[in-house]
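Student: Fit chain R to the given chain A structure using the hints.
The primary structure of each chain is shown beneath.
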Amino acid sequence: MSTIFDCRCSEKVGGLFPELDVPAQGVERLIDAAHVRTQPLRLPDLSEPQVARHYTKLSKLNFGVDDGFYPLGSCTMKYNPKLNEAMAVLPGFSGLHPRSDVSRSQGALQLMFELTGFLRGIAGMADVSLQPVAGAHGELAGMFLFKKYFQVRGEHERKRILLPDTAHGTNPASAALAGFSVTEVASDETGRIDLAALDEALDDTVAGIMLTVPNTLGIFESDILQVTEKVHAAGGLCYFDGANLNSYMGKTRPGDMGADVFHFNLHKTMSTPHGGGGPGSGPIAVSDALVDYLPVPRVRLENEQYKLDWNCPHSIGSVHSFYGNFLVAVRAFAYILQLGDVGLREVSENAVLNANYLQQRLKKTYALPYDGLCKHEFVLSGKGLAEGISTLDIAKRLIDYGVHPPTIYFPLTVKEAIMIEPTETESKATLDRFAEIMEIVAREAKENPQLLHDAPVRASVRRLDQTQAAKNPVLKVPLDGE
Amino acid sequence: MRYIPNTSADRDEMLASIGVSSIEALFADIPESVRSCFRPLGLPPRSEMEVASIVSDMADRNKPTDAVCLLGGGIYDHYVPSVVGNLLSRSEFVTAYTPYQPEISQGTLTAMFEFQTYVCELTGMDIANASMYDGATAMAEAVLMAERIRKRGAVAVPRSLFSHLRRTLDTYCWATDIQIHEMNYLPDGTADWQSLPEQLSAVVVQTPNAFGVIEPLAGLKERIGDALLIVSCNPLSLGLLQPPGAYKADIVVAEGQSLGLAMGYGGPLLGLFAAREEHLRQMPGRIAGRTVDVDGKTGYAMAAQTREQHIRRQRATSNICTNSALCALATTIYLASAGSAGLRQVAKLNLEKAHYLADRITAIDGYELAFAGDFFNEFIVNVPGDATEIHDALVQAGFAVEAPQALQSFGLDRVLRFAVTEKRTKNELDRLTRVLGGSR
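Those sequence lines, one after another, are chains A and R.
Start counting the first sequence at 1; every next residue gets the next number (my numbering).
Start counting the second sequence at 483; every next residue gets the next number (my numbering).
Isolated chain A (complex conformation):
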């Protein structure tokens, strides 16, 4: 694929910006020559049609939710309603400067205040901050809250975070970034946290545990109350990774399970788009014990006026420039408002129904290491499907059939994992077609494995050499003279 830097430059560009309407003084008179760029920039000067063609062409090399089935486990690739997009570009929101006087941003503050209320209710927790802008960012903010909590209590020896071996990679990375060490807790033969192993790990050096509920195998931690009680009894706190909220939203709440911090992924559960890797939004909900430590500013309602409260002396401070990804919050607000309680419940019911239906059918063809009721996703194994066939081969062959492959090689507790999350926005017909494709691929794996090894053949490129990319990294376009 050629890049924008390969496009032939147009002879003359301009016309984006007007001529100067004040008397020109000249750069050299206004700033010291020492500050002025000496090497001319080497950005291509292009006409607009060239730009439009190039990026339209690039878009067609992508696969999004609007293109087809995207069962990327743990990422909740549900349909992104068009209404949300229309709301986010309203000039009253998109044109609003974050340093605007609050008298000019009452609508934005109201939206944040009301969304905070919705999320507090959905989580069943004491309060919410919209500031973190991604799931991992919410985790980090949550770990900062843990740190603050123990610092205030003078419990400086609590430096360990417990993590089930099924945890997302961001969990240990977030804990480590906040200065905690990580202790892994094994899961039992049903894929759930092993309570004996938990007992073993708990002591007065433990700051808390990071849980994903349901866990990354798609299995609900049926002993969740025992788990959180044990951690609390040992003086620790419980962090809930909300990546999998789509499986129980509107039916049950993390606050009722003993969560002290819970992060939302608005770009998963609340239908805001993933954008090729962000921007997302990762608000955190907290229990009573942590409310005072939430990031500043907080949005308050006083005398019928919304205001930003910076005066929170116990706060951890800020984790983002301003108020988080506000325009993502607008989308999530529109979504929740449209769904209402009934819609929120229908989302999780249909997500769980779709996953169980697909699991039931696919386990006849693929190994299902942890059999039983799943929630919104389940994990198959590509191991043993056919001699010499890997999960990677299966995934690449799915591309040839026009579906986005599931998440692969995660969670780490399943060999050759294939993690499938269909979401509620897919029809039975789509699930049936996907199951058929999976069965065809399984048959091909046995009868004509080369088809899988060669896949994909119907994408714009075939399998890429990532080893070479790692050894001799080329990380930008070489420009003239390089």
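Take these hints with a grain of salt, some might be off.
Derived DSSO-like pairs (lysine-lysine); straight-line CA-CA distance at most 30 Å [to be verified]:
#  : chain 1 : residue 1 : chain 2 : residue 2
1  : A       : Lys57     : R       : Lys779
2  : A       : Lys383    : A       : Lys364
3  : A       : Lys82     : A       : Lys428
4  : R       : Lys545    : A       : Lys307
5  : A       : Lys230    : A       : Lys159
6  : A       : Lys471    : R       : Lys633
7  : A       : Lys383    : A       : Lys428
8  : R       : Lys830    : R       : Lys730
9  : R       : Lys730    : R       : Lys633
10 : A       : Lys415    : A       : Lys428
11 : A       : Lys364    : A       : Lys446
12 : R       : Lys703    : R       : Lys730
13 : R       : Lys545    : A       : Lys471
14 : A       : Lys251    : A       : Lys363
15 : A       : Lys307    : R       : Lys905
16 : A       : Lys363    : A       : Lys415
17 : R       : Lys633    : A       : Lys159
18 : A       : Lys471    : R       : Lys730
19 : A       : Lys428    : A       : Lys446
20 : A       : Lys60     : R       : Lys779
21 : A       : Lys428    : A       : Lys364
22 : R       : Lys908    : R       : Lys830
23 : A       : Lys363    : A       : Lys428
24 : A       : Lys428    : A       : Lys251
25 : R       : Lys545    : A       : Lys82
26 : A       : Lys446    : A       : Lys415
Partial pick of chain R residues on the chain A-facing surface, computed with a CB cut under 8 Å [claimed, not checked]:
#  : residue
27 : Pro487
28 : Ser490
29 : Asp511
30 : Asp542
31 : Pro546
32 : Val550
33 : Thr592
34 : Cys602
35 : Gln791
36 : Ile815
37 : Tyr838
38 : Phe892
39 : Leu894
40 : Asp895
Quick caveat, the hints were computed from the structure, so don't treat them as lab data.
Don't be surprised by glycine CBs; every beta carbon is placed ideally from N, CA and C.
Tutor: Same frame as chain A, but now just chain R:
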């Protein structure tokens, strides 16, 4: 519900196939004692039309376009070309996720690769990542990266950082036990490095700084020993200004909003992050690389992934996963549309218009620039009398100007900060001058 395609007949068939009698049975593994605590929001479902009306009313309550915007402090009211929003709304970009499967993500990956090229060219650096959340977290992560490399447990930062950058940096440094030495500013508004401590992991500098003043960077790298030099800059200014790479910066970070992003009440934003090549293994964030497929055809894939959390877990260079990809694409399209000529032009418009306003204001009795240092598109003036009263008069007259209290943390009293972009017209600037009592 409009976003759920299954019919009740579908659901019955699916339940039968699973072998359960009801949807409720699928939730039997959630303890009853947890489920019985559930309370709904008390929120009725609404039609799309009703929601559009409610949310539009909220947007209308903000009325940002009623005022002429002179707000700055890191976020600016720049023009976003139509082509940016139009191409950015293509659902193939919007509804895709992180390019875990490169063969069907070449659009996103190629754009990431182009973005990295643009960032390197603008900043004068060797390598760049595919984006951070915003300028504030980019700066915080730059400090953490420098700490991983030098391990001294301390950094120096000027007092003249934007308040939102400093707030975020303070939080990250508190959490990671990194000590911050604050360097005061000189009378001309530039940072005072006179009493720079030794044994630092990094020295951070922001240019233009919170006063709008361009920091002189020549010789700074030599002065700070082997501490890493982290420069935070305004990328739009780099259409004119010498890039930090020319001053041997080790890491360059920036808020990318000025290049094609809506202000959006401060989010989503875009963190730019560039570094010298030798620091690649310590970089946070996604990076796209060029490679070939099995037929030798050029393609792009995520590179240097062994730094990342999904491989390295607690030993990763960062926890970042979802970043600001669509915003990076906006900036890429903006720069493709502007080109060298357009970027230089828009930077010059900012520079000239800001100086025009500064000249007009300081021609009024009692008004003077607070700092003598060179500035780009933002400046601070000392005002005669009560700054709040003057501020309120400007607001009354239809200008959006930051309240003077926002600058008190810098030890500045009786001042106002003005940012002037290409969008401001001579008429608007003259009108503002008249409100202050000037002759134009």
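Student: Among all the numbered hints in the text so far, which are the ones the structure does not match?
Tutor: 13, 28, 32, 38, 39 and 40
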